[in-house]
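Residues per chain are reported as follows:
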Amino acid sequence: MPFEHVNALYVEDDKLSRRVLQMMAADAGIETLTLFEDSANLLERATALDPKPDVIFLDIHIKPHNGFEMLKMLRGSGHFDGIPIVAMTASVMNEEVAQLREAGFNACLAKPLDMETFPEVLQRILEGEAVWRIIS
Amino acid sequence: MTSQVIQPPVNPPTSGGASTLRTSSPLIRFFTWLVRPNPAIADAETQRRSQLLAGMMIATAMIGNVLIFFAIAATNFTELHFIDTQIAIFGAVIVYVPIFLNRAGRVRLAAQLFIGLMTLVVLAVPYTTGDVPEIAYFTALPLLLTAIFFSVRATIILTVFLAVSTAVLGLTLISTKWFFVVSFFILLAGVLIALFIWQVQYEEGLRTDQLRTANDKLRNSEETLEQRVIERTEQLERANKVKSAFLASMSHELRTPLNAIINFTKFVAKGSMGPINDEQKGALNEVIDSAKHLLSLINDVLDMSKIESGSLKLFVEKVDLNGIMKSLLATGKTLIGEKNIELHAEVDPDLPSILGDKQRIYQVLLNILSNACKFTEEGRVTVSAHRVGENVEFAVKDTGPGIAAEDHELVFKAFQQTNTGLRQAGGTGLGMPISRSLAEAHGGRLWLESELGKGATFYVSLPIQSPILQPTVAIN
Chain L
1 MPFEHVNALY VEDDKLSRRV LQMMAADAGI ETLTLFEDSA NLLERATALD
51 PKPDVIFLDI HIKPHNGFEM LKMLRGSGHF DGIPIVAMTA SVMNEEVAQL
101 REAGFNACLA KPLDMETFPE VLQRILEGEA VWRIIS
Chain V
1 MTSQVIQPPV NPPTSGGAST LRTSSPLIRF FTWLVRPNPA IADAETQRRS
51 QLLAGMMIAT AMIGNVLIFF AIAATNFTEL HFIDTQIAIF GAVIVYVPIF
101 LNRAGRVRLA AQLFIGLMTL VVLAVPYTTG DVPEIAYFTA LPLLLTAIFF
151 SVRATIILTV FLAVSTAVLG LTLISTKWFF VVSFFILLAG VLIALFIWQV
201 QYEEGLRTDQ LRTANDKLRN SEETLEQRVI ERTEQLERAN KVKSAFLASM
251 SHELRTPLNA IINFTKFVAK GSMGPINDEQ KGALNEVIDS AKHLLSLIND
301 VLDMSKIESG SLKLFVEKVD LNGIMKSLLA TGKTLIGEKN IELHAEVDPD
351 LPSILGDKQR IYQVLLNILS NACKFTEEGR VTVSAHRVGE NVEFAVKDTG
401 PGIAAEDHEL VFKAFQQTNT GLRQAGGTGL GMPISRSLAE AHGGRLWLES
451 ELGKGATFYV SLPIQSPILQ PTVAIN
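Protein chains in written order, with the numbering used here: chain L, 1 to 136; chain V, 1 to 476.
Extracted from the complex, chain V is given alone in its bound form (with noise of 0.2 Å):
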């Protein structure tokens, strides 16, 4: 049979990664706004920096602006508080510069920008003040920034800066005792954070490598995957030729020596070699028909065995649809026989010509009729064939014993014959199941109506230009 190509289930497409922010709070998704990177940002890795950023930065602001409300409040202008006015500054206005610079999609100068007001301020602290261990506290906010924005170098050059920078400003404006310590807990704080980033970095790298090995891993199997489908398909296509090649050569086989049997035998039995008695006549008889049944049944299972395997090809070319009814109509008189059997014709006097194999369409129509006067044993069988549309329907009815409604699908399985009753005699039990593969290849139907007791309708239906036949012969 053709082969049909089977549409696998489509799926419904799954929604995108939307709908993970409708599920978090408003709370969160107000932040995540306020943070958002620059959309002219393409690149996944630094529109995170930008966030990360931007969260530090606004976090800052919204403390510095709390701050100078405080101040402002608590004070009244009479007590400001001077440390607390710089570092309210810092958060309340400047800040927001870089704010800005990074909402404008200048990360790295925004970071820098950062950084750098904070150390300002960090340093400045102690020199308004006089009093270095304050500047302890806030040391490792602009190396830690330094080192999750940087890279560990730019780290170690900001800790040995700062560290400078405090035992300049202790040696020259303040008190000497604390600066070494200052400088030593800066140093530290320094390096400890340098190497924890650069730790944390490392690993990264590696589990990176581990995803690219990985990576490359899978993209082999695939390329492998899919060269192992091509070596199957090739080996499939190969098992195929040799079973075209097989059924070819069996075919062969099978009928040359049917050939001498019946041919042979109908000599002898017609007398050509000698005179023969009636007796020696029925006898011959018998051999013929019993080698003609043979040749059937092989025909019949090489015509399965094409099919199963899905060699059956069409030899298609517009067929005329007239001739093969007078051959059919011709031949049901001789399968009549002498049968008590009318047989008679409901057949459109001018059938168009359709697409298709003649012989295999002239083998379902044969088959039907001759099931019809097989197994009706009198009455009459009505052939029809008729213009429905874009098809042709022929029909077969006869006044048999019918079918019954359980055993219809019955009839078209292969090896198959219904239990009412009646055995058809010879029968292969393939007939049915060919004709119904013979009429879908050719894009049609084959089905039935009956009754038990009250005969039966076989009909068939072909497409006058079906759209899966290809035509084997230029259609002249």
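Just chain L, same shape as in the assembly (with noise of 0.2 Å):
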């Protein structure tokens, strides 16, 4: 399986889509999901897990930093360069793109995510391209 060795992390506030993730990436065979609920002391967390995750799934509107600044800090500590990070986001004004793309996020899936393209778009965000799927 072509996951097997890849380890993610996801940080997402509601508890249904942790779930979805959750059953998307078991059936991908992804190695180990971890689910942050909340973005408090996020990067202490993050840098404490072991594996290192090799991508991270960012739930941007959440508390107590949203996914911007949670950006901003996963990238301003090194420690995760190399590493895509992507946005998750039901909301899909084109501002909010424009501002994600800006802000430096290596690619975009808007809930509801869909599960039969996500093994392919899971495998073209760990190669390194810019995913943007903001409409499914």
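Heads up, a few of these hints could be off.
Unchecked claim - Within a straight-line C-alpha distance of at most 30 Å, the following computed DSS-like cross-link-like pairs (lysine-lysine) qualify:
1) V:K313 / V:K241
2) V:K318 / V:K281
3) L:K63 / V:K241
4) V:K270 / V:K339
5) V:K241 / V:K339
6) V:K413 / V:K358
7) L:K15 / L:K52
8) V:K374 / V:K292
9) L:K72 / V:K318
10) V:K270 / V:K318
11) V:K243 / L:K15
12) V:K313 / L:K63
13) V:K313 / V:K281
14) V:K243 / V:K413
15) V:K217 / V:K243
16) V:K243 / V:K292
17) V:K358 / L:K72
18) V:K397 / V:K454
19) L:K15 / V:K326
20) V:K241 / V:K318
21) V:K270 / V:K241
22) L:K52 / L:K63
23) L:K52 / L:K72
24) L:K72 / V:K243
25) V:K313 / L:K72
26) V:K243 / V:K333
27) L:K15 / V:K270
28) V:K397 / V:K358
29) V:K270 / V:K326
30) V:K333 / V:K241
31) V:K243 / L:K63
32) L:K72 / L:K15
33) V:K339 / V:K454
34) L:K72 / V:K326
35) V:K333 / L:K15
36) V:K281 / V:K339
In short, the hints are calculated from the structure, not lab data. None of these values were measured; they are calculated from a predicted model.
Take the two lone chains and join them into the complex the hints point to.
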């Protein structure tokens, strides 16, 4: 299975959304998926992860630090260089997309996630492609 | 949709004020020309004064000239009436001096000279004739002129001067019995004239004050109005921001639960949570289809809200059309499914990249293609894309039932579906109006050619480099 050695981190406050990604990750055969319920002490907790995640999914509308702030923190630490950070958003205003791109997210996935294409999309993200799926 | 500035109709320029002269008679035009002020005078009031003075002096000159003519003609130089001669000389000769002074622009000096000369004549007449009553007829003139062209004070001064001069004349040269009457008359005339003019000037002053007050009020209300406009605009901008924030949160709230609904159901239907029999699978697939339909409804309604409230924003970049066409044709195969329809492609091998929002362009083309596939039961759907001048023109032609000419515009109206016996299953009625707005937001067009019973062709034309689009990201 292609994602055998892939570890992922997902920061998401909505329980059902966490569960959905969990199911998709399990289906795709990802080795580990760590779930954070909120973004408090994000840097600490994320850096403490072992093994280091190969891809990080961030919910944009979350507290106390929103997706943009989380991105800044993670990139600022230098610990996650080279690791794609993906924005997960249920709201699809184009101004937000422009902001996400400018902020430096590697990719963006819109909720509801598309189960059928998730493995293919994940592959492309891991290969470094900038995937921008705003409307599924 | 991107805001469009609608130009108001340009009013034809109104003709200048010169037309007023053309409507008056030639005689009036001649006199107007005759009393024209010196062009160097800039002040309108001085211009008017100059004209008035010119009119009086020229009239005096004309009368004087006529008098001289009659004097000479009537008497043959033998019985020239002295008094007539004096008046004639004043009117015919001397008055030309102030006339030319006035034309030269020295209005004040001309007026002073005119009044001075007239006063001289008025005093000289009784002096030479030895008869005071004659003076009474003439003193009003210089007094009136002084009141018109100079101040009330000057009028009073001249009144006193004339009254005193007449008194002196009467006492020293002529019979005394009339000079008191005449002096009194002069005093009376002068004072009355001065009062009259003073009253006129006072009222003029009042009126000027009224005008100034009205002007100030106007300026104040103008400023108030402008202030209100600024406030309203700010209100509108705030309201717009609130609307946008509302749309964003609505979007978020409506889509999050669907994430759970669609994906959990898919998981169970797949059998990932335990074995599922065919009947259960079928039922769950219905749930999934309904949820997907609900999702597309939400997307359409949100899009329509954005378009209607003018908050639609495009993510503009260089879009590779070849990639889009590939995805489109692949999706088309899925849309056709089991139907006996042949999907035919006539796509230029080397389509240029165009400036636009990739997602939205795909949305428009997919909308047209899915309509074609949905409405056609069997036959062929042709997808084409060619460069046409500065645009790229896409077309989707189907062999479906077609659309009657009278229904063509209905297709693009929100919430309408045509009545040609076909109800699109699960249609929102919003797809076409949204697609058209999206095409137009790109500076392009979306139109249809169809006849009832002969299939339909939907065209989309998008400019390669539309001037109305600003790239959202730097083009690399």
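Results of checking the hints against the structure:
1. V:K313 / V:K241: Holds, at about 13 Å.
2. V:K318 / V:K281: 43 Å, violated
3. L:K63 / V:K241: 23 Å, holds
4. V:K270 / V:K339: 25 Å, holds
5. V:K241 / V:K339: Violated - the C-alpha atoms of K339 of chain V and K241 of chain V are around 47 Å apart, more than 30 Å.
6. V:K413 / V:K358: 24 Å, holds
7. L:K15 / L:K52: Holds, at about 23 Å.
8. V:K374 / V:K292: The given pair, whose Cα atoms are some 16 Å apart, holds under the 30 Å limit.
9. L:K72 / V:K318: 28 Å, holds
10. V:K270 / V:K318: 39 Å, violated
11. V:K243 / L:K15: 28 Å, holds
12. V:K313 / L:K63: 27 Å, holds
13. V:K313 / V:K281: Violated, at about 40 Å.
14. V:K243 / V:K413: 23 Å, holds
15. V:K217 / V:K243: 38 Å, violated
16. V:K243 / V:K292: Distance ~26 Å between K243 of chain V and K292 of chain V Cα, so the pair holds.
17. V:K358 / L:K72: Given that 30 Å is the threshold and the Cα spacing comes to 27 Å, the pair holds.
18. V:K397 / V:K454: Answer holds: K397 of chain V to K454 of chain V is near 10 Å, not above 30 Å.
19. L:K15 / V:K326: 37 Å, violated
20. V:K241 / V:K318: 29 Å, holds
21. V:K270 / V:K241: Outside the cut-off at roughly 43 Å; violated.
22. L:K52 / L:K63: 23 Å, holds
23. L:K52 / L:K72: 18 Å, holds
24. L:K72 / V:K243: 29 Å, holds
25. V:K313 / L:K72: 26 Å, holds
26. V:K243 / V:K333: 39 Å, violated
27. L:K15 / V:K270: 22 Å, holds
28. V:K397 / V:K358: The given pair, whose Cα atoms are some 22 Å apart, holds under the 30 Å limit.
29. V:K270 / V:K326: 28 Å, holds
30. V:K333 / V:K241: 42 Å, violated
31. V:K243 / L:K63: OK: K243 of chain V and K63 of chain L at ~23 Å, within 30 Å.
32. L:K72 / L:K15: 25 Å, holds
33. V:K339 / V:K454: 19 Å, holds
34. L:K72 / V:K326: 36 Å, violated
35. V:K333 / L:K15: Given that 30 Å is the threshold and the Cα spacing comes to 36 Å, the pair is violated.
36. V:K281 / V:K339: Measuring from Cα to Cα gives roughly 23 Å; hence the hint holds.
In summary, the structure is inconsistent with hints 2, 5, 10, 13, 15, 19, 21, 26, 30, 34, 35 from the numbered list given earlier, while agreeing with the others.
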